[in-house]
Every structure is written in C-alpha cells, then in structure tokens.
Amino acid sequence: MSPRPAALAALAAVTLALAVYPEFGSGYGVRSTLQVFMWIVLASSWNLISGLTGYVSFGHVAFFGAGAYTGAILIAKAGWPWGLAALAGGLGACVLALAIGYPCLRLKGPYFAIAMLGLNEVLRALVSYFEDLTGGGNGLSLPTLDATVPIYYVMGASALLVTLVTYVIITSRFGLRLMTIREDEVAAEAMGIDTARHKLYAFLLSAAGPGVAGALTARDQGYIEPISVFPLATTITMIVMVLFGGKGTVWGPVLGAVVLFVAQEIVWARYPYVHPLLFGVIIIAVVLLMPRGVLGLLQIRYRLPRTI
Amino acid sequence: MNVFVTPAMLGQVVISGILSGALYAMVALGLALIFGVMRIINVAHGPLLMLGAYATFFLYSALGINPYLTVPVSMLVLFAVGLLLERTLVFRVVDAPELSSLLLTFGISIALVNLAQLLFTSDLRSVEYLAGSWVVGPLALSKARVVAFTVASALTGLSFFFLQRTRLGKAIRATSQNREVAMVCGIDVQRIHLVTFGLSAGLAGAGGALIAVIVAIQPEMGQIWTFKSFLVIVLGGAGNYPGALLGGVLLGLIEQLASLFLTTQLSEVVAYVLLVLILLVRPQGLLGGRQT
Amino acid sequence: MTSKTLGALIAALAVLAAGISGEAQGPIRIGASLSLTGTYAKLGRNQHEGYKLCEKDLNAKGGLLGRKIEFVVYDDQSTPATAVRLYEKLITEDKVEGVMGPYSSPVTEASVNVTEKYKKVMVAPLAATTSIFKRPPDKKRHYVFMVISPAEVYLEGLIDTAAKRGLKTVAVVNEDTLFSKAAASGAVELAKKRGMQVVFQEAYPKGNTDFSALLTKVKSLNPDVIAAATYFDDAVALTRQMRELDVNPKAYGVTVGGDLPEFYDTLKTSADFIYGATQWEHVLPYPGNTEFFEAYKKEFGHEPSYHSAAGYAGCLVYTEAVKRAASLDADRVREQLFKLEMRTVFGEYKVDQDGFQVAHKMVTFQWQEGKKVVVWPDELAQGKPRFPTPPWNQR
Numbered sequence: 001m002s003p004r005p006a007a008l009a010a011l012a013a014v015t016l017a018l019a020v021y022p023e024f025g026s027g028y029g030v031r032s033t034l035q036v037f038m039w040i041v042l043a044s045s046w047n048l049i050s051g052l053t054g055y056v057s058f059g060h061v062a063f064f065g066a067g068a069y070t071g072a073i074l075i076a077k078a079g080w081p082w083g084l085a086a087l088a089g090g091l092g093a094c095v096l097a098l099a100i101g102y103p104c105l106r107l108k109g110p111y112f113a114i115a116m117l118g119l120n121e122v123l124r125a126l127v128s129y130f131e132d133l134t135g136g137g138n139g140l141s142l143p144t145l146d147a148t149v150p151i152y153y154v155m156g157a158s159a160l161l162v163t164l165v166t167y168v169i170i171t172s173r174f175g176l177r178l179m180t181i182r183e184d185e186v187a188a189e190a191m192g193i194d195t196a197r198h199k200l201y202a203f204l205l206s207a208a209g210p211g212v213a214g215a216l217t218a219r220d221q222g223y224i225e226p227i228s229v230f231p232l233a234t235t236i237t238m239i240v241m242v243l244f245g246g247k248g249t250v251w252g253p254v255l256g257a258v259v260l261f262v263a264q265e266i267v268w269a270r271y272p273y274v275h276p277l278l279f280g281v282i283i284i285a286v287v288l289l290m291p292r293g294v295l296g297l298l299q300i301r302y303r304l305p306r307t308i
Numbered sequence: 001m002n003v004f005v006t007p008a009m010l011g012q013v014v015i016s017g018i019l020s021g022a023l024y025a026m027v028a029l030g031l032a033l034i035f036g037v038m039r040i041i042n043v044a045h046g047p048l049l050m051l052g053a054y055a056t057f058f059l060y061s062a063l064g065i066n067p068y069l070t071v072p073v074s075m076l077v078l079f080a081v082g083l084l085l086e087r088t089l090v091f092r093v094v095d096a097p098e099l100s101s102l103l104l105t106f107g108i109s110i111a112l113v114n115l116a117q118l119l120f121t122s123d124l125r126s127v128e129y130l131a132g133s134w135v136v137g138p139l140a141l142s143k144a145r146v147v148a149f150t151v152a153s154a155l156t157g158l159s160f161f162f163l164q165r166t167r168l169g170k171a172i173r174a175t176s177q178n179r180e181v182a183m184v185c186g187i188d189v190q191r192i193h194l195v196t197f198g199l200s201a202g203l204a205g206a207g208g209a210l211i212a213v214i215v216a217i218q219p220e221m222g223q224i225w226t227f228k229s230f231l232v233i234v235l236g237g238a239g240n241y242p243g244a245l246l247g248g249v250l251l252g253l254i255e256q257l258a259s260l261f262l263t264t265q266l267s268e269v270v271a272y273v274l275l276v277l278i279l280l281v282r283p284q285g286l287l288g289g290r291q292t
Numbered sequence: 001m002t003s004k005t006l007g008a009l010i011a012a013l014a015v016l017a018a019g020i021s022g023e024a025q026g027p028i029r030i031g032a033s034l035s036l037t038g039t040y041a042k043l044g045r046n047q048h049e050g051y052k053l054c055e056k057d058l059n060a061k062g063g064l065l066g067r068k069i070e071f072v073v074y075d076d077q078s079t080p081a082t083a084v085r086l087y088e089k090l091i092t093e094d095k096v097e098g099v100m101g102p103y104s105s106p107v108t109e110a111s112v113n114v115t116e117k118y119k120k121v122m123v124a125p126l127a128a129t130t131s132i133f134k135r136p137p138d139k140k141r142h143y144v145f146m147v148i149s150p151a152e153v154y155l156e157g158l159i160d161t162a163a164k165r166g167l168k169t170v171a172v173v174n175e176d177t178l179f180s181k182a183a184a185s186g187a188v189e190l191a192k193k194r195g196m197q198v199v200f201q202e203a204y205p206k207g208n209t210d211f212s213a214l215l216t217k218v219k220s221l222n223p224d225v226i227a228a229a230t231y232f233d234d235a236v237a238l239t240r241q242m243r244e245l246d247v248n249p250k251a252y253g254v255t256v257g258g259d260l261p262e263f264y265d266t267l268k269t270s271a272d273f274i275y276g277a278t279q280w281e282h283v284l285p286y287p288g289n290t291e292f293f294e295a296y297k298k299e300f301g302h303e304p305s306y307h308s309a310a311g312y313a314g315c316l317v318y319t320e321a322v323k324r325a326a327s328l329d330a331d332r333v334r335e336q337l338f339k340l341e342m343r344t345v346f347g348e349y350k351v352d353q354d355g356f357q358v359a360h361k362m363v364t365f366q367w368q369e370g371k372k373v374v375v376w377p378d379e380l381a382q383g384k385p386r387f388p389t390p391p392w393n394q395r
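In order, the protein sequence lines correspond to chains W, V and L.
Quick note: the first sequence uses the numbering used here, first residue 1, plus one each step.
Quick note: the second sequence uses the numbering used here, first residue 1, plus one each step.
Quick note: the third sequence uses the numbering used here, first residue 1, plus one each step.
In isolation and in its complexed conformation, chain W is listed as follows:
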C-alpha cells in the first residue's frame, strides 16, 4: 500500500523548507534544527532495535559516544576530513555493536538493559583511561572549523535516511520477522526465524545512525569530553521521544523528537531552575499515561496503517 499523494507532497514541502532554512535562519536556529535532526537520528535508530524487537537498549548513547570519539580522533590526530570521519564514526559504532551484540543479545529482558548500561559506563571509563589517544578527562579539541551549515545538511540527510530505512524495514518481511520476535521470541524460533541473526542485524543498523551523528556533533561542537558524549540522560531522552511518538512506528520517533525538543526548549527558557525536575515529571507522565505513544493511540483510534 503506497503512501497517499497528499502525505508525500507534505513531506516534500517540509523537506524543501528545511533545505532552504539555513539561508535565512539565524546561527542559533540552524544549530537548534541541527540538534532536532540529531535527535531524530538517535530516536529512530533506537526504535529500530528496541521498538521493533523489544530488546531495550538502555545504553544506546554508547554508540553515539563511540562515533564521536572515532570521528574526533581521526579528525584531530589523522587529519581526516569530517565527512569521511563521520562515516568512520558510523562504521566504528557498527563494529562495536557487532562485538557486543553477539554476546549480549542472548540475554533476556532486564539483563540486556543492564548490560547495555554497564557497557556505556565501561566505554566512558575506557575512554578516560586511554588518554594518549582520547585526551582522557581533558577532552579532545578539534581544529576550529565553521562547518555548521554543511553539517546541518548532512545531519538532515541522515535523519531522512534513517526514517526511510525504518519505513523500508517496517514494510518488509524482515521487519515483520523482527516484530514477531518482539511478540513472542520462542514462537518465532519455532517458526524457523533465525532470531539471533535478525536481532544482530537490527542492532547493527541501530548503531550506525548514532555513530554518524556522534561524529558530526563532535565536529560541530569542536570539543568533546567523556561525560558529555556518554551521558545516560541522552539515552533516556531518546527513549522518551520514541515512547511519546509511538514505539515501533516510522514517524513516531520523528514526532517525539520534534515535540519533546521544542517542549524542552520552552520549559527550559521559562523555568530555568526547575526544568530538570519537570523533565523527570514528563518522563513519568509519558510512561504512565501514554505508553503507546501518540501515533500508537492514533493508530487504534483512527485505524491508521501499521506502517505509519
């Protein structure tokens, strides 16, 4: 079932608007939109593993951090151009995913979540330790380069790509199999689905996006340090975005990313001293009141297609 022409036209219009935005947006506006793109990449990627297979990756920011450091080290120490470094970041994250996915995906439920959490901390500690390479607690400073606008485009393209990939997967057999694993893994095995292999593929795919986004962010900020690229809060935020928008849907993560980012900006601007508290309350509210997310609710109410 192909998407309706009106929806496609709307998408094209939005894409066009975003493409020309840097021409007349302020530096701050461009940077903020860039952040939204980054969140879309993160949220949608998380959705690929956790939304589709049900395996809750609680340390997903590890891939972001890994990509950030891979890219930053290549730029700062080996003089790579940032575009190439970003791809390397994505690749690095995938390698990491392969290394840990293979053993970890055998774990069930909460154990997988804790393992991912522990992994994130291991990475952060390791990065701090190997300071000759990573700068350790000092952080890593990149040569000054004003590339915000090109990065904006690349990040935007990444966001588009991840969304597209999600759409393709959800509408494919592969996606169907993943969701079968989510519903009942034992039955999936019994049906002949190679669950280990499928989970691993999903995991790899879910790591690439954050890896690239991490490297791009590192280049844009010009400086990274362990605590700023491996924070648990990033994982939580991307999870809440997906939950809010609708887990397991194509546009849920996008919706969640945009709405929550804007909401955070507003809350933070208006209530500077209580916004972290409000953030906690928002998380509680989303979990208790809308576990299916906006799109999930709409899907039920208005019989929207599964592939939205």
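Everything labelled a hint here was simulated from the structure, so no lab data went into it.
These numbers were taken from a predicted model, which means no experiment stands behind them.
It cannot be assumed that every hint is accurate.
Chain L is faced by these chain W residues, among others (derived, beta-carbon under 8 Å) [unchecked claim]: (1) Pro22; (2) Glu23; (3) Gly27; (4) Tyr28; (5) Ser32; (6) Asn138; (7) Ser141; (8) Pro143; (9) Thr144; (10) Gly222; (11) Tyr223; (12) Ser228; (13) Tyr273.
For glycine and all other residues, C-beta sits at the position ideal for the given N, C-alpha and C.
Fit chains V and L to the known structure of chain W by using the hints.
Relative to the frame of chain W, chains V and L by itself:
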C-alpha cells in the same frame, strides 16, 4: 609508579574492602528485593539513599544528637516515602514490560534528585562525628566505617531473619518465587509489593544515614550507589538474597584490590567490565539466581 | 488645533523626550551563558552574582559609553553543548553587543569556538585551562581573554613553601578531570624544577569515595609532601581517610574546595594545617576589596567566593577596555585588552599575546585554628605557615 605491596598493606586494603562491602550488600539487598518480588529495576534506589543521608544530616544539625541514633528515623522516613511512591506510581508498572518500569523509576530518580537540589541546594554538606580509626596491630580500622559495617550487617541480618522467620517475610519470598501460586495461597500480593518497596527504601535510607558521616552529601550522591547495587546483584545473582551479601563484599574487595594493584582510576573500569562479563558468561550470578 | 497638528506636536514631544532621557539607544546588552543548574550550579551562580554586582556598580557610576549596561544571561546546565547553542542565540538572535565568559574550562573551551566564529571579544573569567589560550599557530584564537591564574599554578604555593623548607619527596594525586589533571601536571613540573622527587602520581575517578588503597600506597612511600588536585567531596574524603590511616606528610595541600568555609565546618580540626589555593581572598590588599565584600554580602546575603570576585573583575576589565576603545567594536576592544594593565578587587590583570593571564597571582593559605591565613606569596602573606604539619596523633 611501582609500589611494593607488603602483607600489612594487603591486609589493610582487604579490611577496607570488607567494610565497604557490607554497606554495598545492605543497600543492594533492597534493590534485590524489589527485583525479586516485583520484577522491577528501581533506578531511583540511589536517590532514596541520598534522601536518607539528608534526613540524617538535618536531624543532626537540628538536634545535635549522635547521628547514628538517626538511622532508625531515616529508615522510617524512607519507608514512608517508599510506600508513597509504590502506592501512587510504581504499582502501575508492575506488570508492564521492563522498559516502563525502567523509565518510570528513572523519571522518579530525576525528579527526586532535582527536588533535593531545589530544596536543599547543592551546597556541600557532611556530618563530622566519628573521626579517626581504631588501630589493631598494623591495621587501621576507620571508626566510621566500622560502625557502618556493624550496623549494616545487623540490619542485613535482621532482614534475613525477617524474611526467613516471619509470616510476612515468608510471604514476600513466596511472592518472589512464584506470584500466581502465592496469590492462590491467599497472599495479598498488592500488599506484599507495597511492603517490599517500603522495606527496600528503608534499607536504602539506612545506607544513606550511615554514609552521611563518611562522604559529602549532595543531591547527586546516590547515582553511583544505584550502579553499584546493580553490580552487586549481578555478581550475586538476581533474586538470590544471600547472593547480595556475597556480591557486596566481593565488590568491595575487588574495588580496593584493583585500586591497590592497578590504579584507582582503573578500579572503576574493572568494576564495569566485570558487570558486563558476568552478564555474558554467567548471567545467573555466582550463586545462581533466577533468570526472568 | 486640529487633531493632525496635535498628533504632530505629540510626536515631536515624544522624540524630544526620548532624546533628552539619553536612553535613545537602549542599554548595552552583554550576553553570557552560565551554569545556573547542573554540576557547577553553585559556582556558576556566584559568578552570575559577580556579573550582576558589576552591572549595578557600573550603572550607578553612569554606565558605559553613556549608556547603561544590561546582562542577558541563560542557563547552560553546566553542559558545553548547550552553552554553544546559547552563545549562538545571544549573538545571532538576541544580537547582544558584547559577551562574557561562562563557568568552567570545558564549557569555555566549547563556547570559544562560537565567539571566535563571530569575532566577538570574550573575557572568560572562570577558565583556568592553558590549552584554551595557548594553541599551535594554525589554531590560534584571537578574541578570548583570561582573567584567573591557570590550573597549573594552583599548587605552586604548596610546592614552593615545601621546597624552601628543604622537603624532598612529593606524592601527587588528582581527580581524573580537566582542571585537576592540569593542576596535577603543573605541580609535578614545579616540583621537578625545584629539585624535588615525585615518588607517586595517581588519578582517581570522579565520585570516588574510598581512598584506602590509594592512601595505603602513598603511606608506604612516606612522602614529605602530598599535593592533591581536588574538588570538595574528594578533598573531604581524602582528608578523613588520611587521618584514619595515619598518613602524615609534612605538608598537605588541596585545590578547589579547600577554600570554602564548609571545608572547615565539615572537617573541623582535621582541616587545620591543610594548605589550600585560591584565586582570591577578601582580606587581600587589593583596591576596593573590602567594599566589594560588604556590598556583595548586602546584596546577595552570603559571602562572595573567588568565582564571584572573578566574575566581577572580568566584567570590569571588559568594560574598561570598551571605555578605552570608546567603542564596542571587537577589534578595537581587543587591542585595548592586550594593552591593558589593571588592578581590581581581584588583583592584577595583564595578558600576553595569546590572551593568557600573566600578572594575576594565586595565593596559598593554610587553615590555622579555623582561620584561613594567607602564607604565600610573601608579598601578600599575612602570616607564617605552621610547619611542619604535626602527625595526627600529636594533635
């Protein structure tokens, strides 16, 4: 920098490890109980400990009494907080997928930490009460840590007595083994959940009260305790309550020994690597717990 | 008269009135991103109060270039990434005319990339990391200026005092974060230059609370001096455990956190004899220091820390340069900042060609019976250090 390690040094470090280990064990026991009975990973465990520390601090500042006398009070306060949290929020995610409970407790954790920041400010505080140590031969036993060890061990012992010998305790263990059968046997599972959460919070509060004399008190202090409690549970085996004891002491020893033979910086890495390794190689923990 | 004439008259009067009040252009807006929440909240707020007091004092004296100044401050939550966006916002959307620096080295390091991009002068009063200012020629920065002494000299007073009294061996411990590492490596350099031997150097992770193993190792080497590059929590824990394990150096110094009154409140007599380093003390003989101290206390209800004073001084330095340049143009102000030599409540200001602070002096104090007594450098000292530090069991 190579330091020659003498037996006395080793002994000192082992003692330190055991002393902190008992504290880890007591705090982790609370987390283990919640996980065993309710299948919930309570990320807000650390912040509960933090509240216990603040409770002791304020009582000590206001009344000037021996801070160790405030331990029961902190426990009671946190017990009440735990009951409140369970009754209003946590009970809703008991049967939900673990993502919901993870996120909910995370949200609670952020809310508690920031509430503390607003109410108490991030001004650094500590309770100075028992300084110095008792010297036994070549070994120095930190007074504050020995007292913490003793009280923690006593509380842990009491908890086990409670779990093994009292009706309520047995009911808790029954629910943790098999909820459906427990219900069939007439156990009010809702009430069990409520009490367990309260108990767990009480243990966390006791931990906070005991370390208020040892470390600096500030709103973020609990986070690391949450991690360490996870580690202890993984080491000992989830759902295995005596395992929490072993896991706690083991963690304390590992940290100190790694710090002695490697560097203190690495001891952090060692702990986390251990977590991941154990999960991969022997997820049921060293004593064998139960998988979900 | 007709309504048209009346309207014109009113309009004319309005224009006249605006012209007379002299506020035709509005205040000079100075933007800053500060850590009002998050890890650095307490210190960031002190810095903010320093800025606010400077704004108040300056406006009371007639403002800057005939206009009042107004600070526009956002909260960066102690996160570099957020600060970067906020400086973009301040410069490109709020279109502030000047900027002042944020709190802490990591945040400053990230933010400088933005101010350099838009060629805005930034006086960064709370950045102590040398690498922000001293860069290889192809990565040089042009518009950022340092106010406080760098991290590397925090422990200089301790090392100097120890060396002068013939101590030979030093153990250095530090938290594994940017500032502490710099302070530690600076201490190691200084010790070696003075012919002392560094027998031990180890870092510990942030948040570490049990130093038993670390101190057991240190004790076995029996160093004369223990130099600890710390913040507050670790300084407290370290001191307590030194007492418990009976570690007795002849001189023991800490860095950040050791100067806070809470340090002594918490440790009580255990804190005596400890050397601390601070960028500023209100008892120092700098011009206007006492007035600043009193005014600050009155305005904000608590004593200023050196972060408050640095913020205050940084603002004074910037506005002085603007005054001398008679313009807000970045290149002219920058020229003045390079030439400027100024003495404020905070001490000396003078930078080299990299914007790196060369004149400001850190002071080392020692806790003596609950009082901070400045013992180094000699020209600012108010008392003699109690040396050597007696062993714990003799106190």
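Now for the hints, and whether the structure bears them out:
1. For the restraint placing Pro22/W at the interface with chain L, the shortest Cβ-Cβ distance is roughly 12 Å, beyond the 8 Å limit, so the hint is violated.
2. Interface restraint check for Glu23/W: the shortest CB-CB distance to chain L comes to about 14 Å, outside 8 Å, so the restraint is violated.
3. Satisfaction of the interface hint for Gly27/W is found here, the shortest Cβ-Cβ separation to chain L being roughly 4 Å, below the 8 Å cut-off.
4. For Tyr28/W, the interface hint holds, since its Cβ comes within 8 Å of a Cβ in chain L; the closest pair sits about 4 Å apart.
5. Checking Ser32/W against chain L by beta carbon gives a least distance of about 6 Å; that is within 8 Å, so the hint holds.
6. Of the supplied interface hints, the one on Asn138/W holds, with its beta-carbon coming within about 5 Å of a beta-carbon of chain L, less than 8 Å.
7. Interface hint status for Ser141/W: upheld, as the beta-carbon distance to the closest one in chain L is roughly 6 Å, under 8 Å.
8. Hint status for Pro143/W: holds, given a least beta-carbon distance of 5 Å to chain L, under 8 Å.
9. A hinted interface residue such as Thr144/W counts as satisfied when its beta carbon comes closer than 8 Å to some beta carbon of chain L; here the least separation is about 6 Å, so the hint holds.
10. Here the hint on Gly222/W is kept, as its CB sits about 4 Å from the closest CB of chain L, short of 8 Å.
11. The interface hint given for Tyr223/W is met, as the beta carbon of that residue sits about 5 Å from the closest beta carbon of chain L, less than 8 Å.
12. The beta carbon of Ser228/W comes within 6 Å of a beta carbon in chain L, closer than 8 Å, and the hint placing it at the interface holds.
13. Using the Cβ-Cβ criterion of 8 Å, the hint placing Tyr273/W at the interface with chain L is satisfied: the shortest such distance is roughly 6 Å.
Hint compliance for this structure: hints 1 and 2 are broken, all remaining hints hold.
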